[in-house]
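Engineer: Chains as they are written, first to last, in the numbering used here: chain A, 59 to 406; chain B, 34 to 254.
Careful: at least some of the hints might be erroneous.
Facing chain A, from chain B, some residues (calculated, C-beta under 8 Å) [said to hold, decoys possible]: (1) Arg51; (2) Leu55; (3) Ser137; (4) His186; (5) Pro218.
If you're looking for bench data, these hints aren't it; they were derived computationally from the structure. C-beta: ideal position from N, C-alpha, C; glycine also.
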Amino acid sequence: MITGMDRLAAAIQGKKSDRIPVFCNLIDQGAKELGMPLKEYYSNGENVAEAQLKMRERFGYDNVWSLFYVGKEAELLGCKELIYAKDGPPNVADFVIKTHDDIHRLEVPDDISAHPAFQETLKCLRILKSEVGGKQAICAYVTASMTLPALLMGMDRWMELFMLGPASVRDELLEKCSDFFRKEITAYRNAGADVCVYANAFGSTDFVPMRLFRELSLPQMEKDLKPVGIDGVVYYCGGARMNAVLEQVIDRLGIGAYYLSPLDNISEGKKIIGNRALTCGVINDIMLIGWTMQEVRDEVRRMLDAGMPGGKFLFGTLVMPYNIPEENIRAMLETAYEYGACVEEATS
Amino acid sequence: MLEDVITAYNEAVFDTDRERALKVIHDAVDRGVSPEDVVFKVVIPAIEQMIKSISESFDANLAQHFMTSQIAAEVTEEMLARFRKAPEVVGHIVIGTAQGDLHSLGKRIVIGCLKSLMIDVTDLGVNVPPEKFVDEAVARNAQVIGISAMMVHTARGENGCIMVRELLRKRGLEDRIKIIVGGAPYRYDLELYKTVGADASADDGITAGRVIAGLIKEVRR
Numbered sequence: 059m060i061t062g063m064d065r066l067a068a069a070i071q072g073k074k075s076d077r078i079p080v081f082c083n084l085i086d087q088g089a090k091e092l093g094m095p096l097k098e099y100y101s102n103g104e105n106v107a108e109a110q111l112k113m114r115e116r117f118g119y120d121n122v123w124s125l126f127y128v129g130k131e132a133e134l135l136g137c138k139e140l141i142y143a144k145d146g147p148p149n150v151a152d153f154v155i156k157t158h159d160d161i162h163r164l165e166v167p168d169d170i171s172a173h174p175a176f177q178e179t180l181k182c183l184r185i186l187k188s189e190v191g192g193k194q195a196i197c198a199y200v201t202a203s204m205t206l207p208a209l210l211m212g213m214d215r216w217m218e219l220f221m222l223g224p225a226s227v228r229d230e231l232l233e234k235c236s237d238f239f240r241k242e243i244t245a246y247r248n249a250g251a252d253v254c255v256y257a258n259a260f261g262s263t264d265f266v267p268m269r270l271f272r273e274l275s276l277p278q279m280e281k282d283l284k285p286v287g288i289d290g291v292v293y294y295c296g297g298a299r300m301n302a303v304l305e306q307v308i309d310r311l312g313i314g315a316y317y318l319s320p321l322d323n324i325s326e327g328k329k330i331i332g333n334r335a336l337t338c339g340v341i342n343d344i345m346l347i348g349w350t351m352q353e354v355r356d357e358v359r360r361m362l363d364a365g366m367p368g369g370k371f372l373f374g375t376l377v378m379p380y381n382i383p384e385e386n387i388r389a390m391l392e393t394a395y396e397y398g399a400c401v402e403e404a405t406s
Numbered sequence: 034m035l036e037d038v039i040t041a042y043n044e045a046v047f048d049t050d051r052e053r054a055l056k057v058i059h060d061a062v063d064r065g066v067s068p069e070d071v072v073f074k075v076v077i078p079a080i081e082q083m084i085k086s087i088s089e090s091f092d093a094n095l096a097q098h099f100m101t102s103q104i105a106a107e108v109t110e111e112m113l114a115r116f117r118k119a120p121e122v123v124g125h126i127v128i129g130t131a132q133g134d135l136h137s138l139g140k141r142i143v144i145g146c147l148k149s150l151m152i153d154v155t156d157l158g159v160n161v162p163p164e165k166f167v168d169e170a171v172a173r174n175a176q177v178i179g180i181s182a183m184m185v186h187t188a189r190g191e192n193g194c195i196m197v198r199e200l201l202r203k204r205g206l207e208d209r210i211k212i213i214v215g216g217a218p219y220r221y222d223l224e225l226y227k228t229v230g231a232d233a234s235a236d237d238g239i240t241a242g243r244v245i246a247g248l249i250k251e252v253r254r
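If we strip away everything but chain A, and leave its shape as in the complex, we get (with noise of 0.2 Å):
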């Protein structure tokens, strides 16, 4: 029987298909699919890889999430409180830096894998990899070294250092974030991962000037990703738009997948990167909150006429907020797989 990590690595290489891969985020869902507060099921690496594989089961898309929140990774240098919601993502609550002392004093663990706060990450792997390893894509989500100090300082005083430095500071603490970056990926790819997201809202220019995106953001990137390579490696700007950049990054990273932005034109973007790698269309899931079933089936229709043809097509979706009533995903699932069937050879 075809397996997700089929349909994945025939779209990759544009090959004949039953259908498009389809990648679905359902994160916090996990602990409404237990039946158990955020807070508990997230204690518990195998609260999340029993409620990943069950989601995965019911619904039958093609990966698996070792992602717990994205506040995980401040935990791995030194957050100590989280704020729970009871329908949605954890919020970092003590940030690491407030000062520019903490920056100097910043340590990045030698070995991930041996951290504390990564123990339940790794079982939930464990579990993941012995279940399904091989059979559908086992996903990390790794921040960019650009990014990641919005989880240690506040997005607000990172875009104060970013901007108006000291730049040695900023540089300092940048040159930290990407060997952490480095050694997380690593971590994650020891475990099991198959599918890094590597996520930076500064690898887009409705972030940054392109100036800033090619003086700054194209170096670092090399710098995070070159000395680990980009096996795996997913291009993902936060939801930001990357059709402008999408050239340059190809050019220099050489990045196999691109994770557009609900706000890009999928049509645009596939024409940019065309046969060069594989095109990940992805649906602005927030709307599915208060879409009708109908409305749902015909975004997704729109979504695979714009990026299918020619082959090379992931369906995707962003955030998948908790409240998203479980017919429209269902709506959204069973047409990704219904108009997203019979995949052929890609043409050039």
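Since the structure of chain A is provided, determine the placement of chain B on it from the hints.
Structural biologist: Chain B alone, transformed into the frame defined by chain A:
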């Protein structure tokens, strides 16, 4: 001469070059341009130019918004200290992030712009309970409450804008105080601000300045 100053300042702000923008202003003052003209004929038109550009689909980015607002606030503060008489204040807003939300960048951009537009701002900080928004707005005689939310559950949650609207309704304050919301979820769902009971939303921190000025005018009419 003023036209050259305006052009040079706009270019520096567009390039996110704070040093150059400040130099343009300081040189202008040295050459005899009044602090009043700097604020009303250079800084405020520059913000309005940015708003116009954004509305015409010019792809301004977050860094440009941030720098536009920070430079404008810095110049305005410096010039206000040199004004011959204090300028008339347009109105007052209390602003904060919704309960459970600690993302403060958008709020900071809005505050910087409002300072330059002569709108008094009370910053309530982050993770603000709905009661505090209303109590502070009443205490400070504010015409507008600004609620920033970066996450779907804080934008839509019952302790965010929805509860602030409910409190205004219960206390009979809806004609006196308007609500504006902003943040990523409102960019992805353009009708969401109505769903949560706000009077308006703004796509970005710079545009928010103009929308807030409009709401103040509406209350004062």
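Engineer: Hint by hint, say whether it matches the structure.
Structural biologist: Hint by hint, here is what the structure shows:
1. Arg51: Holds - the Cβ of Arg51 of chain B comes within 8 Å of chain A, reaching about 6 Å at its closest.
2. Leu55: Where the cut-off is 8 Å and the nearest Cβ of chain A is about 12 Å from Leu55 of chain B, the hint is violated.
3. Ser137: holds (4 Å)
4. His186: Since chain A brings a Cβ to about 3 Å from His186 of chain B, closer than 8 Å, the hint holds.
5. Pro218: holds (6 Å)
In this structure, the one hint that does not hold is number 2.
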